[in-house]
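Trainee: With chain R's structure known, arrange chains F, L and Y with the ligands on it following the hints.
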Amino acid sequence: MSQTTVIPAATAELPTPPDRAHFLSGTAPRWCPGCGCFGVLKSLTATYARLGVPRERLVTISGIGCTSRLPYYTGTYGFHTLHGRAPSVALGVKLVNPELSVWVISGDGDALAIGTNHTLHLLRRNPDIKMLLLNNQIYGLTKGQASPTSPLGLVTRSTPYGVADAPINPVNLALAAGASFVARVADTNGAMMEEVFAAAHAHRGVAFVEVLLNCVTFHDGAYAMITDKDTRDEYALAMCPGQPLLYGKQQRKVLVADNGRILALPLAEGEAVPDQALRHDPQAGDAGLAQQLALMGPPDLPCALGIFRQVQAPVYGLDPKPD
Amino acid sequence: MSQTTVIPAATAELPTPPDRAHFLSGTAPRWCPGCGCFGVLKSLTATYARLGVPRERLVTISGIGCTSRLPYYTGTYGFHTLHGRAPSVALGVKLVNPELSVWVISGDGDALAIGTNHTLHLLRRNPDIKMLLLNNQIYGLTKGQASPTSPLGLVTRSTPYGVADAPINPVNLALAAGASFVARVADTNGAMMEEVFAAAHAHRGVAFVEVLLNCVTFHDGAYAMITDKDTRDEYALAMCPGQPLLYGKQQRKVLVADNGRILALPLAEGEAVPDQALRHDPQAGDAGLAQQLALMGPPDLPCALGIFRQVQAPVYGLDPKPD
Amino acid sequence: MNPVHAAVDLPDPDLIQVQTLDEITVKFAGDSGDGIQLAGQKFALLASAAGETVRTMPDYPAEIRSPVGTLGGVSGFQVRTGSAGIHTPGDRIDLLVALNPAALRTNLPELKANGIVILDESAFTATNLAKAGYPGNPLEDGSLRDYRVFPVQIGKLTRGALKGLALSTKQTTRSRNFFALGLICWLFPRPRAAVDEWIEQRFAATPELAKANHRAFDAGWNYGETAEYFVSPLHVATNQRMREAGVYRLVTGNAALAKGLVQSARRAGLSLFLGGYPITPATEVMQELSRYRDPDVHMFQAEDEIAAIGSAIGAAFAGALGATSTSGPGLSLMGEFLNLAVIAELPLVVIDVQRAGPSTGIPTKSEQADLLQALHGRHGESPLPVLAAATPADCFATVVEASRIALRYMTPVVVLSDLSLASGAEVWREPALDELPEFTLHRSVAAADFKPYRRDPETLARPWAVPGDPGMEHVIGGLEKAGESGAVCYEAENHAAMVQLRHDKVAGIARDYPATAVHGGTDACLLLLGWGSTFGAIREATDRLRQRGRSVACLHLRHLNPLPHDLGEALRRHRAVLVIENNSGQLWQQLRAEYLLDLQRLNKVQGTAFRIAEIVEATESLLETLP
Amino acid sequence: MNPVHAAVDLPDPDLIQVQTLDEITVKFAGDSGDGIQLAGQKFALLASAAGETVRTMPDYPAEIRSPVGTLGGVSGFQVRTGSAGIHTPGDRIDLLVALNPAALRTNLPELKANGIVILDESAFTATNLAKAGYPGNPLEDGSLRDYRVFPVQIGKLTRGALKGLALSTKQTTRSRNFFALGLICWLFPRPRAAVDEWIEQRFAATPELAKANHRAFDAGWNYGETAEYFVSPLHVATNQRMREAGVYRLVTGNAALAKGLVQSARRAGLSLFLGGYPITPATEVMQELSRYRDPDVHMFQAEDEIAAIGSAIGAAFAGALGATSTSGPGLSLMGEFLNLAVIAELPLVVIDVQRAGPSTGIPTKSEQADLLQALHGRHGESPLPVLAAATPADCFATVVEASRIALRYMTPVVVLSDLSLASGAEVWREPALDELPEFTLHRSVAAADFKPYRRDPETLARPWAVPGDPGMEHVIGGLEKAGESGAVCYEAENHAAMVQLRHDKVAGIARDYPATAVHGGTDACLLLLGWGSTFGAIREATDRLRQRGRSVACLHLRHLNPLPHDLGEALRRHRAVLVIENNSGQLWQQLRAEYLLDLQRLNKVQGTAFRIAEIVEATESLLETLP
Ligand SMILES: Cc1ncc(C[n+]2csc(CCOP(=O)(O)OP(=O)(O)O)c2C)c(N)n1
Ligand SMILES: Cc1ncc(C[n+]2csc(CCOP(=O)(O)OP(=O)(O)O)c2C)c(N)n1
Ligand code: SF4
Ligand code: SF4
Ligand SMILES: [Mg+2]
Ligand SMILES: [Mg+2]
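As you go down the protein sequences, you meet chains R, F, L and Y in turn.
So that you can map any letter, position 163 of the first sequence is 163 in the working numbering, and since no number is skipped, the others follow by simple counting.
So that you can map any letter, position 74 of the second sequence is 74 in the working numbering, and since no number is skipped, the others follow by simple counting.
So that you can map any letter, position 112 of the third sequence is 112 in the working numbering, and since no number is skipped, the others follow by simple counting.
So that you can map any letter, position 153 of the fourth sequence is 153 in the working numbering, and since no number is skipped, the others follow by simple counting.
Chain R on its own, in the form it takes in the complex:
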């Protein structure tokens, strides 16, 4: 343990059981009414309350953007750093004091435009840090320019004739970077957020969670097909480890692989799940299939939600150096 770290024998009093309010700072959030960030703040602080980690050992670190304002609203230690650079700062924090639970909050511009380099190397190194990417497919704080996740053709303030370059798929990229825990959740599903955030915390190593986030002001409805009540059965697939990949009304569609390609197979009434159905395995030997699942999305295939990958790997800064 580092000499600098003051972990007092008796930590500050924790209300028993700690409630979410204990992990809020009391500063009123300044997001637009209806912004998806409110839901994330709620689920994150609810998760904090469940972890059993005293408030002073939690560190919430962000870059710059609407989403990066989040640390101000938590009651933990926090650092609102520079645009794109939160992963670097977080790594410094964690390496000198491995007892801290370090959470990076980032936006799609923050993590995948200016900060791509740091995001990728954080994931590659596998420190025990949790990173949430709040992906609203737009630059919110600067008032609506295209981001690297904006879909082709989107008209924004910086692309009056539509976005001309293909978007990044954050989950696929995180998997390519070798991240040991990768998940995707939607801002509308508080229960799944809490569950996945808690699993991320429990995971020993880096955890990357993409949150599909709605920006009501500059890109409203970006994920409507995936989150709206009417369409989500068709376009959202919640993955369960060990289970076949089922979705659709009454889970009557299943994914199969065909010479490396993924296809959706409708099941006839009463038909059992066929043998060749793909089974979800977050611990597969390599991330190849997870990468294929990450690429799926409306209108042809459903968007996969949940944990794509969760494997054990040497943890940077914790496990002994190879010798």
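By construction, these hints were calculated from the structure, which means they are not laboratory data.
All C-beta atoms in this analysis are idealised placements derived from N, C-alpha and C, irrespective of residue type, glycine included.
It is possible that part of the hints are untrue.
As the list claims (entries may be wrong) - Pairs of lysine-lysine, DSSO-like flavour, derived with a Cα cap of 27 Å: (1) L/Lys170 with R/Lys143; (2) L/Lys211 with L/Lys156; (3) L/Lys131 with L/Lys112; (4) Y/Lys170 with F/Lys143; (5) Y/Lys170 with Y/Lys131; (6) R/Lys42 with L/Lys131; (7) Y/Lys131 with Y/Lys156; (8) R/Lys143 with L/Lys131.
As the list claims (entries may be wrong) - Taking CB as the label site, the calculated pair distances span: (9) R/Asp220 with L/Ser143: 52 to 62 Å; (10) F/Ala264 with R/Ala224: 39 to 49 Å; (11) L/Ala507 with Y/Glu620: 49 to 59 Å; (12) R/Ala224 with F/Gly270: 57 to 67 Å.
Claimed, not checked - Now the stretches of chain L that chain R is said to cover, found in silico as 3 or more residues with beta-carbon under 8 Å: (13) 284 to 296; (14) 429 to 443.
Mentor: For chains F, L and Y with the ligands alone, coordinates are given in the frame of chain R:
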């Protein structure tokens, strides 16, 4: 066409047929004797000579590193820019003059440490630019520190106790970034280099070619298993579009997929290639399988060489903007 | 024409029948959803169409969307209009239009004593008063007694006027802005045809909204005519100079920067390439350029500021006019690439729209504190020219001058603007292309014996041979180069010579400057010296002080590096020099080092521009202490 | 002890029997594969073991591996040793050991007139002469007549001595370095036991190589004794001060920087965290730290310089001493993050080992041209302390002082070193931990009423509560902060106050400095002023000039920002001040702005350090012009 671009009606005299020397500057290369860069220079200039593009329309742009010295030795226009930043400069060049043939030369530190951000976004945008990543798994110019592609455990000047973080797989990452042409070649195979470089040029859109490069001084033999005469049959697999993925002595091993995982199947004497053998398809609907192939390598599986992916996509700066 | 205009008190409209005012400062204020910016802009455009000189300044809430009715959500738009001599958006407000209590509370401190407030009485509900933090109702508790307050039931009257239209409550409420605009346009008579026309165009697809806006505007106008409040309209004096032929527009600093880049490239016969990355308050420059469909105007939104400037350098290498626009944090990231442009000697315009620093600082406040960074923010000996724009429209001229220098001297140039220029606006006639200065290019034509670092003897510029030019293939880069050949060279004497050469080349730029012109005479006792957006306040302060008989002159620098050859001499002519800056004294420090003169300084680092009155006051005190 | 030593001519060994020299400058040179660095280092260590003062300077080829025998492949190692008064690695060479023609040709210009050359005659083959570009054989054409040349068949003699050992030709050839070392160690008698011991250790696993090196060394030594060339050994005077107890080592500037960081953190009771990214000539700092197995010494190789400093800032936030080391191009990338450390007020040491710029420049040449960048390379008003190291060993003391300031004032500090310090070395006794100054920390203990920006009244430092400390949870960041609470604050007056406060805090650091001490007396007519690696040359030049009766003194600055309170006064005491820098006058410019003094300057921007003689000469000329 841009007003600035002076494409003379009659271009400078080309020797017919142009030979490689015409594409050399005459400056004597300063790499260590035996460095893999010599082979790349040879194949690249030989390719230049085959393209039918006059010398003045070729632009060779690099970052900083041993490998990035290459432009000084070509007879084309060249720009030895900053560490990690060649893709940005190249994009500016290409966007204002689409008639130029623009080649980026980069090292593993250059493209995948300090320059990861630019590399990824170049690949994502799909401009008609060709990028060679000369991957020697080490920082050569600064005399032997670990790079993001250095294997786990490697002892270098900056990792006296061995590299502690898992390496990046450049081909997998390029595929995750959505690159429309992705290939891998070895510095020892001049013929394959020329073939792949020419295919990269012919491809309309971005092309990313990883060159497995031997640094004799600081990381000699990094690819010995893949390139040595004795072992290469077992550890190198040359992919052919439409064909099953065969390798081994007399091509008697074949790759098959099993619930998303890739396995090697030895063929008995005289046994035909089974139906479930994976066939190489660089134009597959998604890059998932290509990503799995990219991850293969000794000692369990062979390292795949050749073109992983080649698909048509809107070309940034050439194809009309969406409207 | 009236050369000097002191700020005049607004006449009491109850007493005076018809009056021509030299100038007036009006502020529209309300919630950020109230359409305040639009009303303000339209008013400014109408004033300018009437031939007045106009300066405007918006006032956005810091958050994207604060709760409706709160202090955090107040949006404002200030318009100062009048005859010549208008150089700032106005120190204080003559007439405030407040659409809710929060707007009143936020802006009251800026209102002149005895100033006019027109407010929407229907919005002064208990809820809204509470949201604005008013303990009681200021309309009733006498706290507004120092002002002339005209409560109008704008909300109610608008609702009435719009009755029968198929509109949501939100749409009806939103139309209050045009009621207010109509009322103000009656008060300062404006040719309303332009408004009608604009409404038709804008709402062609939504006729119901068009009707709503027409009706609201009419209702406001008619209210002015009918109500007993105002005896008659007021006239504002017109700047006759503005009647020259040409298209006039209300232009913000950022729009003028974008325009300036496009026109410079066109004048030079080049493509323009701007690599950018969004950042407040510079984003509009790239956004403006993204609208061009001209294939010779490239706007590339990069993944970060490093790639933005890198792509611009690539474009310059390939023969375009390269440019990038950013603010302080972005400039801090560009140092390494700027240095490459210095040693590679490529023409590049780097625009820094300054905001309050250091670090993320206050992104929505203005400051002039990036000067030292622009001058010195690169490792090694790395000289480059630095220019600053003085007014929103001057952003155009400054960028043209920067482009001229970049191309003539083959060098990167930094242009400093700031947030107050970026979002402020003034009326401006765009010059025709052939009114711009001529551009010298160093494009090489002869291939024989080509040397990429052989210099033009006069400017010391190197030739600009670009990919595509046959017979001149060469490689450039960041390593030190041999004198003529440009080959990589590590020799001691060559390095010293190249360092000197790069210095001399930049120093030589000052030869092109016009003679330094002091406003108010070279015999004044005190010289007020400024650069950038302080121009208007310094100029008007000087004029006011001279009217009062003070021996004061002023001088404004566009070229901050190299400094004008005759500047030292100019400074020494005055008994004292006061350097006025929105920073802690950055130019002041440079001038001390350059001229060894014990200059005075006046600094304000509060995120806001100087008021004219602040400068007047500080100058008066200084004059008293002078021997 | 001899306080002042003029450079002495080497006695002709043919004539003199026994002689004690004040000092001697020896250079070993050969191909980069010849083991030159090793031979030179061993010689330096032996000299230092003998109690002499030692300064060394290596000379690497620019390319990683140039073809054998070419000029590009020459490697050199210069050792200057003697009694006190040795402050540089030597202007010129007294004795050159050249293992091939290229080494002779490259280094001959540096040899003193009448200097000694010992060369390997067996290497002067036609092929090698051609590779070195010699038209004929210099041993035969009389071109060496101004030197005393001793051709020795080193190659042949080594081969002979090693006969019978199981060695490759390459290994045999490589052993020539120990032959040369043996010969030189006989000439300047050294306790050779240390060499024997070292060989045993180093080659424990390869006894055949151990034997080879022993034999080669012996052969060289014996050759000296036997051959008729040298009548007797020469003795170099000893610096008795060095005999104090303690461990002495030959330390490079980079090693001293790394050591300084480790010891500072230990002294303060903190972890050390250095985030780095390889770059010449700073890489060794991070490499040194990577060797520590101490869990409280963290070296993190980041993906770039931005991440390097970012991680160090994170570490500082978490309670460690944060540090990063880089060179100019890296510093240019760190501006934005340095600014965050300024506003977040975190303790951070940023080391810039300068090289020749601008841009990539000349990575293997030295320069002092990053000073202005260190002072001003950030947007907004962003003051921070800047220190510079004067000698390789002083790098340790400077980093300790920087760490002390960083922790006491809660601020980032920039430390400037340069390539000549980084690779040069001197003999140095490492101080024990308790010999270091005491460190003040602002670690908060009391949680009650904790405010993250409530300041220590004396230093104005804010408290350092770190994650893990209960009851003091707070959020910091780059936005402007409210006075005490540190909450985000956009208020005008608060911003002005915070800008002033950050300025005052840094300005206050000067209170801690010792009084400015001029070497040579405050009554001298001319003061030579320098900073950084020019120390040795300025100091020795001053001593030489004073010996000649010139009225000269010198003053060397460690603290470049804030400047010492008494500096202005100190400067004004002298008739003239000459500011000497390896740049175009960066400190000179700062001092002009600060003190309004018309200072003289002497600049050299050639990638190499000043020679003592250059300063002596320039000073003499200046003295002549002084009234
Ligand atoms: C160096 C730098 N460049 C640019 C900016 C301006 N900026 C602030 S936030 C942002 C992008 C925000 O997008 P995202 O990360 O997606 O966050 P969101 O606001 O959408 O949550 C930008 C460009 C900055 N603060 N710093
Ligand atoms: C901003 C910056 N940081 C660091 C360096 C130092 N540097 C030069 S090349 C290099 C890495 C070289 O590695 P790689 O890109 O793999 O090229 P190689 O030499 O192996 O071909 C580094 C760190 C630099 N030139 N600029
Ligand atoms: S702009 Fe979008 S992301 Fe930002 S606060 Fe508003 S809704 Fe949320
Ligand atoms: S160090 Fe390695 S990469 Fe560099 S030139 Fe030598 S062999 Fe090639
Ligand atoms: Mg976003
Ligand atoms: Mg490499």
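Trainee: If a hint holds in the structure, say so; if it doesn't, say that too.
Mentor: How the hints compare with the structure:
1. L/Lys170 with R/Lys143: At roughly 22 Å apart (the allowed maximum being 27 Å), R/Lys143 and L/Lys170 satisfy the hint.
2. L/Lys211 with L/Lys156: 17 Å, holds
3. L/Lys131 with L/Lys112: Distance ~25 Å between L/Lys131 and L/Lys112 Cα, so the pair holds.
4. Y/Lys170 with F/Lys143: 23 Å, holds
5. Y/Lys170 with Y/Lys131: Status holds; Cα separation ~19 Å.
6. R/Lys42 with L/Lys131: 25 Å, holds
7. Y/Lys131 with Y/Lys156: Holds, because 21 Å separates the two Cα atoms, which is no more than 27 Å.
8. R/Lys143 with L/Lys131: 25 Å, holds
9. R/Asp220 with L/Ser143: 52 to 62 Å: Violated - the Cβ-Cβ distance for R/Asp220 and L/Ser143, about 41 Å, lies outside 52 to 62 Å.
10. F/Ala264 with R/Ala224: 39 to 49 Å: 45 Å, holds
11. L/Ala507 with Y/Glu620: 49 to 59 Å: 30 Å, violated
12. R/Ala224 with F/Gly270: 57 to 67 Å: About 58 Å separates the Cβ atoms of R/Ala224 and F/Gly270, which means 57 to 67 Å holds.
13. 284 to 296: Coverage by chain R holds here, the residue count being 5 at a Cβ distance below 8 Å.
14. 429 to 443: Violated - the region 429 to 443 of chain L has 0 residues with a Cβ nearer than 8 Å to chain R, which falls short of three.
In the structure shown, a violation is registered for the earlier hints numbered 9, 11 and 14, in ascending order.
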